[in-house]
Amino acid sequence: MSFPLLTATAALPALGAVATAAVPAARRTAAKWLALLVSLGTLALAITVLVRFDPGGARYQLTESHSWIRDFGVRYELGVDGIGVALIALTAVLIPFIILAGWHDADPLETGNRRWRPTQGFFALILAVEAMVLISFEATDVFLFYIFFEAMLIPMYFLIGGFGDRAHAQGEEAAATQRSYAAVKFLLYNLVGGLIMLAAVIGLYVVAGNFSLQQIAEARASGSLHMATSTERWLFLGFFFAFAVKAPLWPLHTWLPNAMQESTAPVAVLITAVVDKVGTFAMLRFCLGLFPEASRWATPVILVLALISIVYGALLAVGQRDIKRLVAYASISHFGFIILGIFAMTSQGQSGATLYMVNHGISTAALMLVAGFLISRRGSRLIADYGGVQKVAPVLAGTFLIGGLATLSLPGLAPFVSEFLVLVGTFTRYPVIGIIATLGIVLAALYTLVLYQRTMTGPVKPEVSTMPDLRVREVLVVAPLIVLLIFLGVYPKPVTNIVNPAVKHTMSDVQKKDPKPEVEAAK
1 MSFPLLTATA ALPALGAVAT AAVPAARRTA AKWLALLVSL GTLALAITVL
51 VRFDPGGARY QLTESHSWIR DFGVRYELGV DGIGVALIAL TAVLIPFIIL
101 AGWHDADPLE TGNRRWRPTQ GFFALILAVE AMVLISFEAT DVFLFYIFFE
151 AMLIPMYFLI GGFGDRAHAQ GEEAAATQRS YAAVKFLLYN LVGGLIMLAA
201 VIGLYVVAGN FSLQQIAEAR ASGSLHMATS TERWLFLGFF FAFAVKAPLW
251 PLHTWLPNAM QESTAPVAVL ITAVVDKVGT FAMLRFCLGL FPEASRWATP
301 VILVLALISI VYGALLAVGQ RDIKRLVAYA SISHFGFIIL GIFAMTSQGQ
351 SGATLYMVNH GISTAALMLV AGFLISRRGS RLIADYGGVQ KVAPVLAGTF
401 LIGGLATLSL PGLAPFVSEF LVLVGTFTRY PVIGIIATLG IVLAALYTLV
451 LYQRTMTGPV KPEVSTMPDL RVREVLVVAP LIVLLIFLGV YPKPVTNIVN
501 PAVKHTMSDV QKKDPKPEVE AAK
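According to my numbering, the sequence shown holds residues 1 to 523 in order.
Honestly, the hints are just simulated from the structure, not real lab data.
Yeah, the Cβ is synthetic: ideal placement off N, Cα and C, and Gly gets one too.
Treat the hints loosely; a few may be bogus.
Straight-line distance between alpha carbons at most 25 Å, and here's what the computed DSS-like set of lysine-lysine pairs gives [claimed, not checked]:
{"#": "1", "residue 1": "Lys493", "residue 2": "Lys504"}
{"#": "2", "residue 1": "Lys513", "residue 2": "Lys493"}
{"#": "3", "residue 1": "Lys493", "residue 2": "Lys512"}
{"#": "4", "residue 1": "Lys493", "residue 2": "Lys516"}
{"#": "5", "residue 1": "Lys504", "residue 2": "Lys516"}
{"#": "6", "residue 1": "Lys391", "residue 2": "Lys461"}
Here are the computed distance ranges between Cβ atoms for each label pair [claimed, not checked]:
{"#": "7", "residue 1": "Val301", "residue 2": "Gln214", "range": "48 to 56 Å"}
{"#": "8", "residue 1": "Leu382", "residue 2": "Thr254", "range": "19 to 27 Å"}
{"#": "9", "residue 1": "Pro515", "residue 2": "Pro468", "range": "52 to 60 Å"}
{"#": "10", "residue 1": "Val475", "residue 2": "Ala25", "range": "36 to 44 Å"}
{"#": "11", "residue 1": "Thr438", "residue 2": "Arg321", "range": "20 to 28 Å"}
{"#": "12", "residue 1": "Ser65", "residue 2": "Val301", "range": "35 to 43 Å"}
{"#": "13", "residue 1": "Val483", "residue 2": "Thr438", "range": "22 to 30 Å"}
{"#": "14", "residue 1": "Pro501", "residue 2": "Pro468", "range": "19 to 27 Å"}
{"#": "15", "residue 1": "Ala384", "residue 2": "Ser65", "range": "51 to 59 Å"}
{"#": "16", "residue 1": "Arg471", "residue 2": "Pro24", "range": "40 to 48 Å"}
Between the sequences and the hints, there should be enough to build the whole structure, so can you do that?
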């Protein structure tokens, strides 16, 4: 029996979460180091998965399959394709930086009355989320995926509601109220989506008799499974609704700005760079894989919703006064690009969308974590409270600029390649939508450069005149992310080589081929 590598990759952070939570309260530093070491061990296992994955091999590799709930055809089935491997690597890379960035975010507060904050719980919850996200990327049994798709909401609820941002102008009591509101809104939106998906999961079992992606695909290919058109479309809508909430797609997005605003910067990164990727990943694996006809049927409406997300998110980002809300609305715009690429139904669009998931995770982490360091120094999230920071903290300002330039997809940085592929893939099939979507690029330049100008340039405000530059720990967080942004911006081939074969399988699932170019290339 071969070593269950995929199980180990998800089990290590799960066990690490339990061990971290069990560390005595008086040994907070030990809990931090334990969590960091577990995340690095998980990264080592993820790298092993990456090395052992053969892009030219079978569609699902490193597979594991065991009977679980025999009477209902539920199996513990894991397997990864190129898209799953890329997102597993992204998750495993980001978690150590999230832990390092949040090193002091759960330390006890010293206010009028000393408030106890369970430091161990903060880091244990981060590891628990990592474990659930990883197994979501690995699951090839629909019911197994659903369990962890929903279960990750619980630790995220406590991270948002119990460990929120301390930079609140209205005092700790008002901050606690706002955190509770954001956490409940996050939970309710995602629970409603999950309950609708549960009905669709049950419907899928009634139609197919099992939950296995591979068995359902084989039954379709052999002709032994036939879904009525109306049934397939209703099931698709049930799955897609839950994934659109998680993604987040307009108009189901409104939980995200509140959640990111009230969270600490590392938790905000965990939400948008890691957890939300499960939604867009699931659109590729489950919506397109299980319901190809319904996916083609729904494409025109979904493309319009994605286009609205791109423009709407960017427009609202331009008008924000809060740094975190600006990044949140920018992410809504970026997720619009990802969904646009998925449902453009071209290989360039879907490759670009998958690459965008990876690159958006890195660029948002870089920008938001530096913004978190900035906010922790000044104690305010408001853009108007800053000015002239580059004169007193040039390294902080420089890294903030690079993160911002990556957000606006500057050529030479990683997001540019993915955004370019999405737009090319969209334009070849839907030229009008592709043209309108480019407005998101223009608006991204506007909100990013205005943010940098108002916070980093101009006269030095008295409140920031003594602001320290990045410390060693903070440089260790940001520098590798910037290196990745530059490397993947110049040489994205390592990622595209992994994801392209998986994209071909997805295109085959939905029975779509790339449009032929109007002018053939010269031979």
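Hints and how they fare:
| no. | hint | result |
| --- | --- | --- |
| 1 | Lys493 / Lys504 | holds (16 Å) |
| 2 | Lys513 / Lys493 | holds (22 Å) |
| 3 | Lys493 / Lys512 | holds (24 Å) |
| 4 | Lys493 / Lys516 | holds (24 Å) |
| 5 | Lys504 / Lys516 | holds (16 Å) |
| 6 | Lys391 / Lys461 | holds (11 Å) |
| 7 | Val301 / Gln214: 48 to 56 Å | violated (29 Å) |
| 8 | Leu382 / Thr254: 19 to 27 Å | holds (21 Å) |
| 9 | Pro515 / Pro468: 52 to 60 Å | holds (54 Å) |
| 10 | Val475 / Ala25: 36 to 44 Å | violated (30 Å) |
| 11 | Thr438 / Arg321: 20 to 28 Å | holds (27 Å) |
| 12 | Ser65 / Val301: 35 to 43 Å | holds (36 Å) |
| 13 | Val483 / Thr438: 22 to 30 Å | holds (29 Å) |
| 14 | Pro501 / Pro468: 19 to 27 Å | violated (48 Å) |
| 15 | Ala384 / Ser65: 51 to 59 Å | holds (57 Å) |
| 16 | Arg471 / Pro24: 40 to 48 Å | violated (28 Å) |
Hint compliance for this structure: hints 7, 10, 14, 16 are not met, and every other hint is.
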